[in-house]
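J.: Each of the two chains sits in its own frame; use the hints to bring them together as a complex.
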Amino acid sequence: MNEEASKDAADEAVIRRVLSGEVDAFEVLITRYREQVFRIVGRHVPKGSVAEVAHDAFVKAYLSLKNYRATHPFERWLTRIAVRCCHDYWREHFREGEREGPAASDPPAPERDDTREMLDWALGRLNADDRMVLSLVYFEEYSVKECVRVLGWSESKVKVRALRARRKLRELLAELLSEKEV
Amino acid sequence: MERDESRDKLDERLKEAWRGKTSPSPPEDWEEGVMRSIRALAREPGAVNHVIHLHRIVWRSAAAASIIALIFIGLALVVGLELDIDLVQLVMEDPEGLLELLLFY
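Line by line, the protein sequences give chains L and D. Following numbering that gives the first Met the number 0, the residues of the first sequence are numbered contiguously, the last one being 181. Following numbering that gives the first Met the number 0, the residues of the second sequence are numbered contiguously, the last one being 104.
Don't read these hints as lab results, they were simulated from the structure. In this text, a Cβ means the ideal position worked out from N, Cα and C, and glycines have one as well. There's no promise every hint is true.
[Said to hold, decoys possible] Short, incomplete list of chain L residues facing chain D, as computed with Cβ under 7 Å: (1) Val22; (2) Phe25; (3) Ile29; (4) Arg33; (5) Arg38; (6) Gly41; (7) Lys46; (8) Val49; (9) Ala50; (10) Phe57; (11) Val58; (12) Tyr61; (13) Leu118.
For reference, chain D alone in the conformation it holds in the complex (with noise of 0.2 Å):
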């Protein structure tokens, strides 16, 4: 009990202590500062712009990407359901022996 009273007393002094941080004003020549570093951004071609052209660049690849990602699953149709039938096929047939082989090779 007296412990989180202390604890609580403890707490309100850092929270005043935080409150009252005080903050340096702003120096003379820094707004002119920060403007010069924007000018010269503005004046790198797309500097700007650079996230904008990434969203455009992702999205613009999202259709050839969806195109890939079908042709790729049409194959794996394809090709892998033979796999996975081989692959039962072993569990069901010898599966210690399967295991082992996994295991130890």
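Isolated chain L (complex conformation) (with noise of 0.2 Å):
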């Protein structure tokens, strides 16, 4: 058995005392699993908010540990959940009516010489569907199929709003940089 099979079969021992009734044993899959959580939702949401993401990620997996099937591992499972609650974070925290002209409290546009900067920054200004499916696909570099599975979108809209949500990067980006020739 590789060290891949062994893991999964570990995996589904806990889940089934999880499920039985034993709900401490959840703790060994939080422990298994935390870093991994913390490193998908770290790319996604603001520092300050991956802790209570990460803790929602891990109260939803417990909530559907019933629906886990194990034919696919729990740590696939587990990631999508993650991706899901990154993508509720920005639905909640992101109004589109408010991003019709920089706000007030919106920070300063970067430097054009710090390329993280400027992309949080242009990424702040896209709703969370485009936001998600941009970062999905372009940074995380997920098949179409993937993204169909963690979003619940069709693959066309998938494919289109992909699309879409990249050009208004480009759009974002190059409006910034011809700002900052002037």
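T.: Below, the structure written as structure tokens:
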């Protein structure tokens, strides 16, 4: 039995214990996957909210544990839940109407030589759906099929939204770069 | 051509920036906090199985819903057939009048 298979078998054994009423056994799964969930969530939400979103991801995983089917590794199933929680986070924290123009609370436009700040600034101007599909398809390099499973959208919606979101991101960055050149 | 190149370079820089994002480590008491929430949920009767229960209700009521639907279809076939014939007759006899009736009254 290879390492992956034995890890999956160990996860399944823990899941069976939790489902039979041994709630404390869930802590084994948290310890095993907390770093990974923090890594995933940390790429999608602001640093100050990572712990809260990761907390939600594990609670949601516990609540839907009965729906978990061992046909896929638990790790992948948990990753999907974590990504969905990030999507929910942005749906809650981004209101389209507020983004018509720059708000007083908006951070100032970043310097053009700091790519990470530029990226965060531009992503902050995209709505939750655009932001998530763009992050998953172009930055995390998820396949369209995987994106369909994570976001629960149709294949054509994933493709179209990803393309549009990428165009929006480019427009925002082009605007920022031309402003800085003036 | 030059524009495409600079766009590709920017894409690459963005991807690098994304990959370079660092995540904070879980705070010391974080795991305990998650387990507290989970234990609290486990104490609530049926909290874990909300979704399962909803599924059960849907499946259990499926048979009753099907029977009701069949009764309605039966009624529609018996009662509604005559209405369809009436409508066809109206269209055949006075199509313009029917259109006027639908549009203006």
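J.: Hint by hint, note whether the structure agrees.
T.: Evaluation of the provided hints:
For Val22(L), the interface hint holds, the least distance from its beta-carbon to any beta-carbon of chain D being 4 Å, beneath 7 Å. For Phe25(L), the shortest C-beta to C-beta distance to chain D is roughly 6 Å, which falls under 7 Å, so the interface hint holds. The interface hint given for Ile29(L) holds, since its Cβ lies 5 Å from the closest Cβ of chain D, which is under the 7 Å cut-off. Using the Cβ-Cβ criterion of 7 Å, the hint placing Arg33(L) at the interface with chain D is satisfied: the shortest such distance is roughly 5 Å.
Hint on Arg38(L) holds. Least Cβ distance to chain D is approximately 5 Å, under the 7 Å limit. Checking Gly41(L) against chain D: minimum C-beta separation of about 2 Å stays under 7 Å; hint holds. Against a cut-off of 7 Å between C-beta atoms, the interface hint on Lys46(L) holds, since the closest Cβ of chain D lies about 6 Å away. Taking 7 Å as the C-beta cut-off, the interface hint given for Val49(L) holds, the closest approach to chain D being about 6 Å.
At about 6 Å, the closest approach between the beta carbon of Ala50(L) and any beta carbon in chain D falls short of 7 Å, and the interface hint on this residue holds. At its closest, the beta carbon of Phe57(L) sits 5 Å from a beta carbon of chain D; the interface hint therefore holds under the 7 Å criterion. The interface hint given for Val58(L) holds, since its Cβ lies 5 Å from the closest Cβ of chain D, which is under the 7 Å cut-off. For Tyr61(L), the suggested interface contact is upheld, since its CB lies about 5 Å from the closest CB of chain D, less than 7 Å.
The beta carbon of Leu118(L) comes within 5 Å of a beta carbon in chain D, closer than 7 Å, and the hint placing it at the interface holds.
No hint from the list above goes unmet by this structure.
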